[in-house]
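**Q** Protein chains in written order, with the numbering used here: chain R, 1 to 611; chain E, 1001 to 1424.
Honestly, the hints are just simulated from the structure, not real lab data.
From a predicted model like this one, the values you see are computed outputs, not experimental measurements.
Backbone N, C-alpha and C define an ideal beta-carbon position, used for all residues, glycine too.
One or more hints might be untrue.
[Unchecked claim] Per label pair, the in silico range of CB-to-CB distance: (1) R:Lys454 <-> E:Lys1024: 44 to 50 Å; (2) R:Leu478 <-> E:Lys1005: 48 to 54 Å; (3) R:Glu165 <-> E:Gly1330: 54 to 60 Å.
[Stated by the list, open to error] Among the chain E residues that face chain R by a calculated CB cut under 7 Å, a handful are: (4) Pro1036; (5) Arg1037; (6) Gly1040; (7) Gly1056; (8) Phe1057; (9) Lys1058; (10) Ala1204; (11) Ser1254; (12) Arg1255; (13) Tyr1305; (14) Asn1307.
[Said to hold, decoys possible] Some residues of chain R that are not near chain E, with every Cβ distance over 10 Å (derived): (15) Cys152; (16) Asn463; (17) Leu471.
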Amino acid sequence: MKDLGFKAGIEIHQRLDTHKLFCPCKSQMSVEEPTKTIERTLRPVAGETGEIDRAALFEALRGRKFRYLCYPEETCLVEADEEPPHDVNEKALKTSVLIAKMFNCDIPDEIQFMRKTVIDGSNTSGFQRTAIVGLNGSLNTSLGKIGIINVCLEEEAAQIIEKKEKEVIYGLDRLGIPLVEIGTAPDLKTPKHVKEVAEKIGMLLRSTGKVQRGIGTIRQDVNISISGGARVEIKGLQDLRTMEKVIEGEIKRQQSLLSIRDILRSRNSSATGPIEVTSIFQNTKNKMVSSLLKNGKKAFAFKLIGFSGLLSKKICFEKTFGKELADYAKLYGVGGFIHSDEDLTRYDLEKEFSELKTSLKAKNEDIVGIVVEEPERAKKACLSIIERAKKAREYIPEETRYVNPDLTTSYLRPLPGGARMYPETDVKPIAVAKDLLNVKIPESFEEKVRRFKKLGLSEELANQMVKSRYLSLFEETLKTKSDPKTVASVLLLDIKELKRDGIEIDNINREELIKMLKNINTIPKESIKDLLRKLSYGKTFEDSMGSLKTIGILELDNIIDKLIDKNLVKREGSQSFKKLMGPVMAKVRGKIDGEVVAKRLMKKIKDILSE
Amino acid sequence: MYSVKISNLLKKKKIKIGDKIRIKKDEKAYEGILMPRVMGDKDTIIIKLDNGYNVGFKPKEVELISKAKKQKKETKKILKKDPKKPNITIISMGGTIASKIDYKTGAVTPLFSAEDLIDNIPELGEIANVDGKVVAQKLSENLNFQDYKKLINEIKKEFGKTDGVIITHGTDTLHYTAAALSFAIENSPVPIILVGSQRSSDRASSDGPMNLICAAHFITKTEFSGVAISMHATESDDFCFIFPACKTRKMHTSRRDAFKTVNSKPWAMVYPDGKIKFIRKIDKNKGKTKIRNKFEEKVALIKTYPNMDTNIINFLTKNKYKGLVLEGTGLGHAPLKIIKSLEKFLKKGIVVMTSQCLNGRVNMNVYSAGRELQEIGVIPGEDMLPEVAYIKLSWLLGNYKNKDEIKELLRKNLRGEINERSGF
């Protein structure tokens, strides 16, 4: 990785487990139907001249509609941008400062919320509210200390529900959920290191007990570059298990693009078009093309000079350079393009393409391709392919990309320029008072693992427990006399096993489970799973115990008294235990813990022997 | 503004707002651009970090890194007027429809020149030739009758040159100004449309530009002449209502569709693409334009309420107030205990009764309280909005001498402020 000049930084976004940042709405994804729809447009905001092409931006936004869905418990006038923000959520603020301190950050004396301009519609206001709560932090990792640039407290954006050509539909339930953003310096050294840091940060966040858990509640964006390549931001890596592979894929992609670049330079490549070529395809046998043309769509062609053989070249896993180019065309709502580097017999388009080649005066080392769509869109799609193809011999563009299901990535948008921020004047600056700083840093997971091991848990169980969703429940039962080892094995092993058997573990009432764990010392080991099964049917702990027909020590002693053969005991001494345990257990199995039976039986034997 | 302590610290190092500085504190240093102190603790220095975020530190020491770069003056495009297009004058009374953000300093500057307006709202240039003027730069709650006078004079200057006037205005008292213009400018030859925005113009979601575009469409595409208001009809950016100047009120603190007609209906629905649907028939003003811009200062608007103190009325009498608009309860009632003090006030002054119900008409014949108020000379304000009655009374007292004539005019519809019939 060193030779590659691999550099990476990671940005982690974690939702906090409290109500929304600037209003009392619930921080959850709604399961209800939306109760209201609001339709809005956004306009470019005038900033410094020259930074963006305002005319282009204006055109891009013109006629573009955003439809916002409002939900009963998750949307109020604040999310709808119909009311100024309320005071900042104190709990979220405290948690964010706590997190900043956990990463050894400096906490400023005053925290000021900023408006970060966002005009893709994901924020109804046209900006995201965000504040730095800590800066200049650090984190120890296996490959040394890495820098934490800053920790921010910010609003989650609205979620895209549907994207149409001129309209995007967003759900306002997600908008405004408090997020903590942790940004590392570009200090990460290998794909494995990136994963380790992501995991470590995730664990630290979870150790606060104040963050949301579950799918979508934590997101990683990774910034990667290699020498000669480009800085690329990969958005929304939700699954840590696939993180390494995605990063390796990106390295592969950049390496492949660099070698393609060299070939293109040697071939003096270029690209031309688009030209309308509908007439060539008018009588095609290809069903897809002919039906598109019948529906009034037109065929537009482009020529990629010196690209022959390259479009079918794999650049990352199974993804070809041709597919990569198609990503840019897809932004204009076209399905993709057909090109001469493909097996045209499959499409029944050989004849047309040879005519196309002649008409475009394409040479053998050139590629010709077509897009069939409405003229405006087809032209724009062709232009985007041409533009990207021209860049291919120059450099790898800096981009924001998203992860595909096959772990390749696709172009999303150019890298955002410098953040366009100005103060959020509707939220008072927050003077960081002593009580905000006076937070107790929670026990880290490493410390927890050590503590659990002291309580008798194996290394494996202790490690599993700190990551488990039953962690808080486990901690609660530690306050009782229940045996920690047994409780841990119930929560981590027995429950897992039952789940595998198809038992609806989630139906178990938490309170009943706690009752069971508090009484775990009196429950026969053999009955634990049976009991859990009963709880999962919605039974109370008491009812389930009753139906187990357990027996007490007194009853056990009576049974032992009846079964014990005094002569045998006297004859064989303590060796008689082996012969007696079987018959006793046959009588009481499942009604009382075997260990207890053994103890009582041993006691009885000793009593007889000392008579 | 920073505290004296901080200001001196900065002065000593010759540091000014916009300079790049280094703050030292607890053996650590932070670098950024010095920001102005608008709100918050005056002993805390705010700097903008390289990544755009502002943070505050209580410094031990401050160092200058580099002076702010002088900003280049922008070369302004000169707009050419298209003789085929209508002309619209946009007058600012403090409401900002367009503004510019300097992301380096965080400063938001309102834009008023025609060039800036067109640059920000290109649709305007497609609709008309635009001219921009500034009369006041005030929060609308601070506007006074002098400002009204200035505005009226400025509008008068435009008559004959323009096809319509748009006034950008803070929304809080927009409906007072709308009423004032209605009374002061009789038979306006051109439409005069007031426009506000409920979301500030620095954000991409501002409602202001659409309100302005709809006003421009309404001016250029209809026969309307007179005063009206153009604001969002719903919480969506779908269409604007053109509201009648004297029958409209801000009814929500923050929503885009805060403005509602009371005892009336909007003139029309105007879509940002220029489509117009009429709700009421529009009559073109044919009478001679007459402008009377005086407003009497000694007029009060008071709400009545249970346990009200009579001294509130006595104060007005003692201070020689000439007019009083009461915002009574229900059909136009006031507590019995203030009747005596009202009687004293009425010896010299005029009292008009309106209702805090807003919707509906006062009727002071139904209950004894109303009858008694009428007997001492309180004039029922029909279905007038209290704020409109206040402006109307101030204007009548400013421009008419004869008390009986004023009383008669108060009950007569002059500018659409009174409906004779109460519709559904």
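**Q** Taking the least C-beta to C-beta distance, is glycine 1040 of chain E closer than 7 Å to chain R?
**A** This hint holds: glycine 1040 of chain E lies near chain R, its Cβ roughly 4 Å from the closest one there, short of 7 Å.
**Q** How about glycine 1056 of chain E: closest beta carbon in chain R under 7 Å, or not?
**A** OK, holds: glycine 1056 of chain E within 7 Å of chain R, min 3 Å.
**Q** Report holds or violated for the interface hint on arginine 1037 of chain E, using the least CB-CB distance to chain R and a cut-off of 7 Å.
**A** Not OK, violated: arginine 1037 of chain E not within 7 Å of chain R, min 9 Å.
**Q** Is the shortest C-beta separation between phenylalanine 1057 of chain E and chain R less than 7 Å?
**A** holds (5 Å)
**Q** Classify the hint on serine 1254 of chain E as holds or violated, based on whether any CB of chain R lies nearer than 7 Å to its CB.
**A** The hint holds - serine 1254 of chain E has a Cβ within 7 Å of chain R, the shortest such distance being about 4 Å.
**Q** Should the hint that tyrosine 1305 of chain E touches chain R count as held when the rule is a Cβ pair under 7 Å?
**A** Check failed: Cβ of tyrosine 1305 of chain E comes no nearer than 27 Å to chain R, outside 7 Å.
**Q** Measuring from the C-beta of proline 1036 of chain E to each C-beta in chain R, is the shortest one below 7 Å?
**A** violated (10 Å)
**Q** Given the range 48 to 54 Å, decide if the beta-carbon distance of leucine 478 of chain R to lysine 1005 of chain E lies inside it.
**A** holds (52 Å)
**Q** Any CB of chain R closer than 7 Å to the CB of asparagine 1307 of chain E?
**A** violated (33 Å)
**Q** Does the claim that asparagine 463 of chain R lies off the interface hold, with its Cβ farther than 10 Å from every Cβ of chain E?
**A** Non-interface label stands for asparagine 463 of chain R: nearest chain E Cβ at 37 Å, farther than 10 Å.
**Q** Beyond 10 Å from every Cβ of chain E: is that where the Cβ of leucine 471 of chain R lies?
**A** Per Cβ check, leucine 471 of chain R is outside 10 Å of chain E; nearest 34 Å; holds.
**Q** Identify whether the interface hint at lysine 1058 of chain E stands, where standing means a beta carbon of chain R within less than 7 Å of its own.
**A** holds (5 Å)
Against the hints set out earlier in the document, violations occur for numbers 4, 5, 13, 14, 15.
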